[in-house]
Amino acid sequence: MRGRTDITFKVDDPDRVYKALAPEAEDAVQRSEVRLETCQEGIRLEIESEDLVSLRAALNTWIRLVDIAMEMVLV
Numbered sequence: 036m037r038g039r040t041d042i043t044f045k046v047d048d049p050d051r052v053y054k055a056l057a058p059e060a061e062d063a064v065q066r067s068e069v070r071l072e073t074c075q076e077g078i079r080l081e082i083e084s085e086d087l088v089s090l091r092a093a094l095n096t097w098i099r100l101v102d103i104a105m106e107m108v109l110v
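Residue numbering for the sequence shown follows my numbering, beginning at 36 and increasing consecutively.
Treat the hints as calculated values from the structure; they're not laboratory data.
Every residue gets a Cβ at the ideal spot worked out from N, C-alpha and C, and that includes glycine.
All the given hints hold, so there is nothing to weed out.
Label-pair restraints from in silico Cβ distances:
(1) D48 / E81: 12 to 22 Å
(2) M107 / I42: 15 to 25 Å
(3) L109 / V88: 30 to 40 Å
(4) L109 / E85: 27 to 37 Å
(5) M107 / C74: 18 to 28 Å
(6) R99 / D48: 16 to 26 Å
(7) D102 / D62: 11 to 21 Å
(8) R51 / L87: 27 to 37 Å
(9) V88 / R51: 29 to 39 Å
(10) L109 / L87: 29 to 39 Å
(11) I103 / E76: 18 to 28 Å
(12) D50 / E81: 10 to 20 Å
(13) R37 / N95: 11 to 21 Å
The whole structure should be built from the sequences, with the hints applied where relevant.
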């Protein structure tokens, strides 16, 4: 069963956060396809996975990465 999610993170400086995260989104090792883009509200993250287990793993990873990137931009 394939899984898909689409999340928008409200970010004060989406361009800087995007630049920090873009190289990770290009990583082809994962079992999930990740699309990352800036939008009016902040950063939009779309993940599509082969199964729900890999979707959950990708979500955990990306939520943590976005959180760290947002903290670093605020410094």
